[in-house]
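Please construct the entire structure, taking both the sequences and the accompanying hints into account.
Chain by chain, the residues:
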Amino acid sequence: MAVKDFIRERFFPHIWCAGCGHGIVLNSLLRAVESLGMSKNEIVMVSGIGCSSRISGYLDFHTLHTIHGRALAFATGVKLSRPELNLIVPMGDGDALAIGGNHFIHAARRNIDITAIVMNNRIYGMTGGQFSPLSGCGIMATTAPYATVDQGFDVVELSRAAGATFVARSTTYHVQQLTKLLREAILHEGFSVVEVLTQCPTYFGRRNKQGGAVEMMNWFKDHTTPVGSKAKAENPDLIERGIFVQKDLPEYCKAYDQVIERAQKGK
Amino acid sequence: MVEAQNKPKLKEHRINRAWCKGCGICVAFCPKNVLELDETDKAVAARPEDCIACKLCELRCPDLAIDIITE
Chain U
1 MAVKDFIRER
11 FFPHIWCAGC
21 GHGIVLNSLL
31 RAVESLGMSK
41 NEIVMVSGIG
51 CSSRISGYLD
61 FHTLHTIHGR
71 ALAFATGVKL
81 SRPELNLIVP
91 MGDGDALAIG
101 GNHFIHAARR
111 NIDITAIVMN
121 NRIYGMTGGQ
131 FSPLSGCGIM
141 ATTAPYATVD
151 QGFDVVELSR
161 AAGATFVARS
171 TTYHVQQLTK
181 LLREAILHEG
191 FSVVEVLTQC
201 PTYFGRRNKQ
211 GGAVEMMNWF
221 KDHTTPVGSK
231 AKAENPDLIE
241 RGIFVQKDLP
251 EYCKAYDQVI
261 ERAQKGK
Chain P
1 MVEAQNKPKL
11 KEHRINRAWC
21 KGCGICVAFC
31 PKNVLELDET
41 DKAVAARPED
51 CIACKLCELR
61 CPDLAIDIIT
71 E
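Chains as they are written, first to last, in this note's numbering: chain U, 1 to 267; chain P, 1 to 71.
Just so you know, the hints here were simulated from the structure itself, not pulled from any lab data. Only a predicted model underlies this, so the values are computations on that prediction, with no experimental measurement involved. Just so you know, not all the hints are guaranteed correct.
Below, in silico cross-link-like pairs of lysine-lysine (DSSO-like), each with a Cα-Cα straight-line distance of 30 Å or less [to be verified]: (1) U:Lys209 with P:Lys7; (2) P:Lys32 with U:Lys180; (3) U:Lys180 with P:Lys7; (4) U:Lys180 with U:Lys221.
Here it is as structure tokens:
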């Protein structure tokens with residue numbers, strides 16, 4: 001199938017701003033799904049609220065546009081009732097780790113077979129540029145006119161500690177790597193997290209004098225490095241990209257099936 | 001020579017002007033400087049003869065507005 005067969009063309013052009021990185025995530029995701037040769041009916045996309053969550057409307061899979069921060073909770077329900085389907089849950093940084101922080105760590109802990117994509121633009125775009133738990137320190141935002149004093153989460157470390165069995169990171173500049181990582185995350189059996197550094201030129205870029213979409217993508221190019229590279233050892237400020245965790249542990253639905261089997265045997 | 005034959009050859013840049021928002025990502029990151037924004041801020045292939053059909057513009061377009069058609 002061609003990439004365009006996976007989208008709902010009637011809703012295009014989409015609502016995202018010119019240069020918004022979310023469109024690039026959408027683009028990469030389409031290519032990952034296409035390369036897997038999956039049918040639209042095998043995929044369920046569940047999203048919450050925010051700019052990023054609008055993605056579910058544009059894709060012609062089974063889609064659920066649910067409530068703020070609770071996409072993973074809905075997805076858990078879908079997966080438990082129909083474990084044969086592939087669940088993809090794109091979330092914004094605030095949606096995933098502020099409003100939905102608890103759902104996120106517990107989905108990771110259970111190792112349920114869901115692919116979580118954290119589209120991290122370090123800001124709440126839809127509501128006007130408030131800072132998020134991934135903004136980090138010293139960031140200008142509508143709610144931090146004198147810059148933030150909060151430290152940000154590290155999505156990779158958080159996911160690893162919470163028990164996710166596949167954790168990766170890339171950026172909207174590194175589209176080929178991003179497509180590959182999304183593909184591997186979908187194939188992984190267990191809870192997989194892909195953090196994507198994505199640009200919000202409208203709020204984050206403008207307020208923090210980072211320029212437009214092109215300049216922000218160049219920033220991703222200049223400030224990231226492959227996992228375990230020599231450059232990271234020399235410059236600890238660089239952000240690593242690639243696969244951080246990839247391990248096999250019992251998947252939640254499979255483990256639950258065994259419980260059902262045991263229970264049905266009776267005594 | 002054999003290698004050259006295996007490389008995809010450009011047929012056309014199919015740019016959806018209704019979807020293009022003129023962000024300039026394709027223009028900035030084209031390794032061969034093929035694309036430009038026209039007077040209405042829409043991407044156009046100004047130098048298609050230089051295109052190596054790497055498809056980086058297509059892959060990075062946030063608006064799914066570019067299709068690189070190869071022979």
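Tested hints:
no.	hint	in the structure
1	U:Lys209 with P:Lys7	violated (41 Å)
2	P:Lys32 with U:Lys180	holds (24 Å)
3	U:Lys180 with P:Lys7	holds (21 Å)
4	U:Lys180 with U:Lys221	holds (17 Å)
Of the hints listed earlier, the one the structure fails to meet is number 1.
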